[in-house]
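Take these sequences, add in the hints, and give me the full structure.
One line per chain: the protein sequences are A and B, in this order.
Numbering of the first sequence is given in the numbering used here, commencing with residue 349 and proceeding in unit increments.
Numbering of the second sequence is given in the numbering used here, commencing with residue 1368 and proceeding in unit increments.
Hints should not be assumed to be uniformly reliable.
To be verified - If we take Cβ atoms under 8 Å as the criterion, some of the chain A residues that face chain B in the derived model are: (1) F393; (2) S399; (3) Y451; (4) L458.
Said to hold, decoys possible - Once the Cα atoms are required to be at most 20 Å apart in a straight line, the calculated EDC-like pairs of lysine to aspartate or glutamate come out as: (5) A:K405 x B:D1393; (6) B:K1403 x A:E449; (7) A:K405 x B:D1445; (8) B:K1403 x A:D448; (9) A:K405 x B:D1370; (10) B:K1423 x A:E449; (11) B:K1423 x A:E444.
Said to hold, decoys possible - Covered by chain A, per the in silico footprint, the following chain B stretches (three or more residues, Cβ under 8 Å): (12) 1419-1431; (13) 1465-1478.
I should point out that these hints are in silico values taken from the structure, not numbers from a laboratory.
Idealized CB from N, CA, C, for every residue including glycine.
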Amino acid sequence: KAGVTQTPRYLIKTRGQQVTLSCSPISGHRSVSWYQQTPGQGLQFLFEYFSETQRNKGNFPGRFSGRQFSNSRSEMNVSTLELGDSALYLCASSRERGGDEQYFGPGTRLTVT
Amino acid sequence: GEDVEQSLFLSVREGDSSVINCTYTDSSSTYLYWYKQEPGAGLQLLTYIFSNMDMKQDQRLTVLLNKKDKHLSLRIADTQTGDSAIYFCAETGGNNRKLIWGLGTSLAVNP
Chain A
349 KAGVTQTPRY LIKTRGQQVT LSCSPISGHR SVSWYQQTPG QGLQFLFEYF SETQRNKGNF
409 PGRFSGRQFS NSRSEMNVST LELGDSALYL CASSRERGGD EQYFGPGTRL TVT
Chain B
1368 GEDVEQSLFL SVREGDSSVI NCTYTDSSST YLYWYKQEPG AGLQLLTYIF SNMDMKQDQR
1428 LTVLLNKKDK HLSLRIADTQ TGDSAIYFCA ETGGNNRKLI WGLGTSLAVN P
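In structure tokens form, the structure reads like this:
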């Protein structure tokens, strides 16, 4: 069974631009969660989607948004990028809602210059 | 609010046992997880324990849970250089079942 895939793996953007990251969960998994990982802050929860609806949200500004499609694939978007948005963005899928075993993708490394 | 704490660094010699500790605050946790992250990679689920268990063993890994003290530990027997990674503790916090994460313990295994 294929694992969680994330595209792109690496991205360089400039301040003020926007970016869209994609995540394909494990087949049969209906929940997708997104995390931001930075050396200083550790793993910060962004949001969770289940059955195309946002079920949980972390403490991030409205510039961070996401969506989930009927095939459970998810995208997250960051608008008006700031230098502090440079991070590894991880996507995790689970069979049911968050709190269950989560399986992570390799992440997208975003660098904002 | 809910919180999970781990020590940031641990250094052991190859062949020794490693013990990584974690404390949490949410008494309503149902599952507690250990994840491993190798450099440049995502997180890999290592093992988990249900909150009504005291211990779980899986090959070289032993998880101990002291629910009274809200303390979780991961013991790696016969630690190898390939075990060098960051280990994250996580628990299902609160009614919204959101995973609460520690900052991770960086394990260095010295030959």
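How the hints compare with the structure:
1. Taken as an interface hint, A:F393 checks out: its beta carbon lies about 6 Å from the nearest beta carbon of chain B, inside 8 Å.
2. A least Cβ separation of about 15 Å between A:S399 and chain B goes past the 8 Å threshold, and the interface hint is therefore violated.
3. Interface hint status for A:Y451: upheld, as the beta-carbon distance to the closest one in chain B is roughly 7 Å, under 8 Å.
4. Annotation: interface hint on A:L458 violated; nearest CB of chain B at approximately 14 Å, more than 8 Å.
5. Annotation: proposed proximity of A:K405 to B:D1393 holds, straight-line Cα distance about 19 Å (limit 20 Å).
6. At most 20 Å may separate the alpha-carbon atoms for a hinted pair to count; B:K1403 and A:E449 meet this at roughly 13 Å.
7. Restraint check for A:K405 and B:D1445: the C-alpha separation of about 40 Å exceeds 20 Å, so the hint is violated.
8. For the given pair, B:K1403 sits about 17 Å from A:D448 by alpha-carbon distance, which is consistent with the 20 Å threshold.
9. Note on A:K405 and B:D1370: the hinted pairing holds, with a Cα-Cα distance of about 17 Å set against a maximum of 20 Å.
10. For the given pair, B:K1423 sits about 16 Å from A:E449 by alpha-carbon distance, which is consistent with the 20 Å threshold.
11. Between B:K1423 and A:E444 the CA atoms are separated by roughly 23 Å; this puts the pair beyond 20 Å, and the hint is violated.
12. A stretch counts as covered by a chain when three or more of its residues have a beta carbon under 8 Å from one of that chain; for the segment 1419-1431 of chain B and chain A the count is 0, and the coverage is violated.
13. Counting residues of the segment 1465-1478 of chain B whose C-beta lies closer than 8 Å to any C-beta of chain A gives 6; at least three are required, and the coverage claim holds.
Checked against the numbered hints given earlier, the structure breaks hints 2, 4, 7, 11 and 12 and satisfies all the rest.
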